[in-house]
Amino acid sequence: NAGVTQTPKFRVLKTGQSMTLLCAQDMNHEYMYWYRQDPGMGLRLIHYSVGEGTTAKGEVPDGYNVSRLKKQNFLLGLESAAPSQTSVYFCASSYWTGSGTDAETQYFGPGTRLLVL
Amino acid sequence: AQTVTQSQPEMSVQEAETVTLSCTYDTSENNYYLFWYKQPPSRQMILVIRQEAYKQQNATENRFSVNFQKAAKSFSLKISDSQLGDTAMYFCALTSSAGSYQLTFGKGTKLSVIP
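Residue numbers (the working numbering), protein chains in the order written: chain A, 1 to 117; chain B, 1 to 115.
Simulated from the structure, these hints should not be mistaken for lab results. Even glycine gets a Cβ: it sits at the ideal position worked out from N, Cα and C. Among the hints, erroneous ones may be present.
Which residues of chain B face chain A? A few of them, derived with a C-beta cut under 7 Å, are [stated by the list, open to error]:
#, residue
1, Q102
2, F105
3, K107
4, K110
5, I114
The calculated DSSO-like cross-link candidates involving lysine-lysine, where the alpha carbons are at most 27 Å apart (straight line), are [said to hold, decoys possible]:
#, chain 1, residue 1, chain 2, residue 2
6, B, K78, B, K107
7, B, K55, B, K73
8, B, K78, B, K55
9, B, K73, B, K107
10, B, K78, B, K110
11, B, K78, A, K57
12, A, K57, A, K70
13, A, K9, B, K110
14, A, K9, B, K107
Between the sequences and the hints, there should be enough to build the whole structure, so can you do that?
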C-alpha cells in the first residue's frame, strides 16, 4: 500500500514549456486535490476532484489544468510554464462517505518541486 | 470564505519541555473539521491530530493534544515532552462540507526543539 505517490519529484522547466504532474493513490479515495506551497505560506488549493471524470477550481487555478480520467489518478498540467509557477506541488486524497470518523482527513503525497527559469 | 490564522511564525522549546502553538479560524459553517499537520525538512505533510467541531472533547494523540474553544474559534496544539524529531513546520487547517472538504491552511509555525 503506497498511499499517495507523485511523479516527478523534481523538475526544471524553461518559461513557456509544458509539463504534466502525475498523482496516484491506491486507497480507493473519491476525493483528490492539488495544492501549491510557496515560501512563507501555507498550502493553497489549485484544483480538486470529487470523483472520476469531475474536476473543479480551487483558490489559485489560473495557468493550470487537471484531469481525472481514472479514479486512482489525478493529473496537473501546466500548458505554458511561468516563473510565478515555481513552487512545491502537493497532491492529496480523501475518502468521504458522508459519515465516519476519518472520512474527511486528507493524505498527502511527498511533493514535487518545480523550478521555472 | 474560511480563514485560518497562525500568529506565531517561529517558536522554540527545550527538549522534554511543553510548548503550545496557537491557531484561530473563521468559518460560517456549523459542521467542520480542524487539523494540525506537521511538515519536517523532508517536506512530507504528516497528519498530527484532527478535531470534529461537533465534539466537545479535545482530541489527543500520545504527546499531542488540542485545546478547542469553539465559541472563540481557537484551536491550539500542545506538544508535551518535546523531542528533537518534533522540529518542523506546523500547519493548522480547516475543512468543511461546504467547500467539498478542501483544506484552508494557516501560514505555519516553525518549531525548533533545542537539545
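Hint check results:
For Q102(B), the shortest C-beta to C-beta distance to chain A is roughly 5 Å, which falls under 7 Å, so the interface hint holds. Because the smallest distance between the Cβ of F105(B) and any Cβ of chain A comes to about 3 Å, under 7 Å, the interface hint for this residue holds. Hint on K107(B) holds. Least Cβ distance to chain A is approximately 5 Å, under the 7 Å limit. Hint on K110(B) is violated. Least Cβ distance to chain A is approximately 10 Å, over the 7 Å limit.
Nearest Cβ of chain A to the Cβ of I114(B): about 23 Å, over the 7 Å cut. The hint is violated. With a CA separation close to 18 Å, the supplied pair K78(B) and K107(B) stays within the 27 Å bound. Only pairs whose Cα atoms come within 27 Å are accepted, and K55(B) paired with K73(B) is accepted, the gap being roughly 14 Å. Proximity of K78(B) to K55(B) is assessed by CA-CA distance (about 18 Å); at most 27 Å being required, the pair is judged to hold.
Proximity of K73(B) to K107(B) is assessed by CA-CA distance (about 17 Å); at most 27 Å being required, the pair is judged to hold. This hinted pair checks out: K78(B) and K110(B) have alpha carbons roughly 14 Å apart, not beyond 27 Å. The hinted pair formed by K78(B) and K57(A) fails the criterion: a straight-line CA distance of about 34 Å is larger than 27 Å. A C-alpha spacing of about 18 Å is found between K57(A) and K70(A), which places the hinted pair at or below 27 Å, so the restraint holds.
The straight-line distance between the Cα atoms of K9(A) and K110(B) is roughly 24 Å, inside the 27 Å bound, and the hint therefore holds. The suggested pairing of K9(A) with K107(B) holds, with an alpha-carbon distance near 23 Å, which does not exceed 27 Å.
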